[in-house]
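Participant: Heads up: the protein sequence lines correspond to chains H and D, in order. So the first sequence is residues 1 to 170, counted in the numbering used here. So the second sequence is residues 1 to 509, counted in the numbering used here.
Hints in this document: simulated from the structure, not taken from any laboratory. Computed from a predicted structure; not experimentally measured. A hint or two may mislead.
Under the rule of at most 35 Å between Cα atoms (straight-line distance), these lysine-lysine pairs were calculated in the DSBU-like manner [claimed, not checked]: (1) H:Lys-104 x H:Lys-161; (2) D:Lys-297 x D:Lys-250; (3) H:Lys-104 x D:Lys-250; (4) H:Lys-27 x H:Lys-58; (5) H:Lys-104 x H:Lys-155; (6) H:Lys-155 x D:Lys-347; (7) D:Lys-347 x H:Lys-161; (8) H:Lys-58 x D:Lys-436; (9) D:Lys-290 x H:Lys-104; (10) D:Lys-104 x H:Lys-130; (11) D:Lys-250 x D:Lys-290; (12) D:Lys-104 x D:Lys-347; (13) D:Lys-436 x D:Lys-250; (14) D:Lys-347 x D:Lys-250; (15) H:Lys-27 x D:Lys-347; (16) H:Lys-130 x H:Lys-161.
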Amino acid sequence: MVSVFAMLVGAAYLYWEATQLPASILKGYPGDGFFPRIALAVILVCGIATLIREAVSKQLVTPPAPEHTDIDAADDDKDAPINLDAVEAFLIVALSLLYMLLLKPLGLEIATSLFMFVLLFPRLPMRWPKAALIAALGAVATTLVVYSAFVLGLKVALPLKFLPQYLSGY
Amino acid sequence: MENIFANIGPVLLDMGSLPVVLAIVAGVTLGVVLGALPGFGSSQSLALLFPLTFTMPADVAIIFFLAVYSAAEYGGSIPAILIRTPGTPAQAVTVLDGYAMAQKGFPNRALKISLISGVLGGLTSTIIFILVGGWIASVALEFGPGEMFALGIFGLSIIGSFFGRDPTRGFLAAGLGLFLSTIGTSDFGGMRFTFNQGFLADGIPLVVVIIAFLAGPEALRLLINHRKTIEEPKTVLQISTQKADDRFLKSDIRRLIPTWIRGSLIGTAIGALPGAGASIGSLIAYGEEKRWSRRSKSEFGTGIAEGIAAPETANNAVVAGTLVPSLALGIPGSGSAAILLSVLISKGVVPGPLLFEAEPRLITSIFIGLIFINLWLLLLGLIYTRGFAHISKVSRRILGPCVFIVILLGTYAYANYTAHVMMVIVLSLAAYWMVKIDIPVVPVVLAFVMGPIVESNLARAMTIHSGDFSVVLTRPITLIILGLALATFVYSAISSMRSSVASTNEMKE
């Protein structure tokens, strides 16, 4: 409900922005803001309809409050105030943005190895020394695969620190 | 049409060239592998492999993608039959009889029925595609901007109506896709919603939207679900108490011919409808098979050949079926079709009625390519199938990070531009959130593809008629198509209201 409401506020602001776009000097052409206004009107109308439907269905049927016995069940409850999925999704997004920012200064080799290690390490279901070792090996292996596929195979100009851009034959 | 058949000779020679052979072999193998991964449907597989097409010429790229698409639709049936884990939602029905037959001690027979049915469905729908697609394109050549606008609205009405839990959510997602398509420079040179950010001047690339909305949510789900308990799939060996006659029998051919015909026709027709897809195709084919088959209804679900053949024929027939509106009208009917179209667009080929006239060789390549793809799929399946079932046992904990890095670097590979990757990251989060709150993401992609078609034809029609759109509405074809769009919307709204009233009553009780 909160997400749809936020979407509606954003759409309303953008609709106002669309009304500020200059009118066309070409005869007959409805202007650059015409089609975006239609799209945003669709979002506004359907968003409001979705909110009303949700509100009505919640009023008609009020389910009993869930009693969570474990963390996973609590996480699946969409009405819970803090959702662990949301926290983790934001962390992954922040980490990915950091990876893209560090790709150039650190180079593909170091940045990708670090990024993969951070993603793999907490996901391996074993004691930490073993998990760290496997995550490190996995991170280096993935970096090599990525390097072979994208740099050598697809000739993508990714920033490199010490691996060669091309492998020349003898 | 003559042009298309005149190119058969040269295209057959092209099929022997190394790039095409590699595209078919690699595409089919990768498609089967990705299709066998639970959660990875054909659209996710295509979105993930999109970067591989950047360096390919148009005909090789489209053949590669058709190979991935066809093979992914088949690949999902292997774990469905052997370990009761459907690779894609389309194989959920195959589990019923496929797994039951494997448990009875006939896993190879079940796999062969699935393979042969899929290949036959693919071949039949390919022939229907070339005949019907050419005819529809020739009719659509007469369409002006008003009719094309109406056709776009019809496509959007189907997409909004039938994706997601209810039409309001489907149209909300379609509206979002339409809006995203307007960001950047308009057809008439004006700048829209760039907020003084240079990287938005060219708009959001289609590749970014496809990767973010189709592959992004699945990648984030794989990364996030590591906290949750995932039921490990049963091993393949546990169910393989093979019997002596565990093979495809001659009597199967005679018995399954009507099933294959029904499945092919249903799959092609469902594929040609925007909004429907392989999941609906296989479900309807299974239901119709139950109705028309000589077998009693109670036998379905106990491991009979018809129960595997019907859904598997249909879900592979969907592939060529989906090409009919996509190539002939430029209207993608599913996420996978939108990706196929975007491959063509990225290579400078414009899908739509003119494509059959302007690019007959490409159409012939698709036609012949699909035949070769299905034959290679048959060969690969006959030689080696059971090993692919082990793919579905790859740990999600390892798969998530690997898929995510491919998404990030694959997007970067498109134009070596960091801003595109940033867009994918942010839009993937938005898409993941949309999935969580029950708003479908596929309409976003489809509306994003159709937005420019609808907008440019609307602008053209209004410019021609000096801003008076009512003139366009006097044309009979436009009126009929817009009437169909309205009828679709009204029908979906009524059926959604009925189902929500029924579910509320159920909950009250």
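Participant: Indicate, hint by hint, whether the structure satisfies it.
Facilitator: Quick rundown of the hints versus the structure:
For a cut-off of 35 Å, the pair hint linking H:Lys-104 to H:Lys-161 stands: about 9 Å separates their Cα positions. For the hint pairing D:Lys-297 with D:Lys-250, the CA-to-CA distance comes to about 24 Å; that is within 35 Å, so the pair holds. Proposed proximity of H:Lys-104 and D:Lys-250 is contradicted: the alpha carbons are some 62 Å apart, above 35 Å. Taking the CA atoms of H:Lys-27 and H:Lys-58, the gap is about 50 Å. The hint is violated against a cut of 35 Å.
The hinted pair formed by H:Lys-104 and H:Lys-155 meets the criterion: a straight-line CA distance of about 17 Å does not exceed 35 Å. A hinted pair counts as satisfied when its Cα atoms are at most 35 Å apart, and H:Lys-155 with D:Lys-347 qualifies at roughly 18 Å. Proximity of D:Lys-347 to H:Lys-161 is assessed by CA-CA distance (about 32 Å); at most 35 Å being required, the pair is judged to hold. For the hint pairing H:Lys-58 with D:Lys-436, the CA-to-CA distance comes to about 18 Å; that is within 35 Å, so the pair holds.
With a CA separation close to 59 Å, the supplied pair D:Lys-290 and H:Lys-104 exceeds the 35 Å bound. For the given pair, D:Lys-104 sits about 42 Å from H:Lys-130 by alpha-carbon distance, which is inconsistent with the 35 Å threshold. Among the hinted pairs, D:Lys-250 with D:Lys-290 is consistent with the structure: their alpha-carbon atoms are about 22 Å apart, no more than 35 Å. Between D:Lys-104 and D:Lys-347, the direct Cα distance comes to roughly 50 Å. Violation of the 35 Å bound is thereby established for this hinted pair.
Only pairs whose Cα atoms come within 35 Å are accepted, and D:Lys-436 paired with D:Lys-250 is rejected, the gap being roughly 48 Å. Between D:Lys-347 and D:Lys-250, the direct Cα distance comes to roughly 45 Å. Violation of the 35 Å bound is thereby established for this hinted pair. The suggested pairing of H:Lys-27 with D:Lys-347 holds, with an alpha-carbon distance near 33 Å, which does not exceed 35 Å. Annotation: proposed proximity of H:Lys-130 to H:Lys-161 holds, straight-line Cα distance about 29 Å (limit 35 Å).
Consistency with the previously given hints fails for numbers 3, 4, 9, 10, 12, 13, 14, ordered from lowest to highest.
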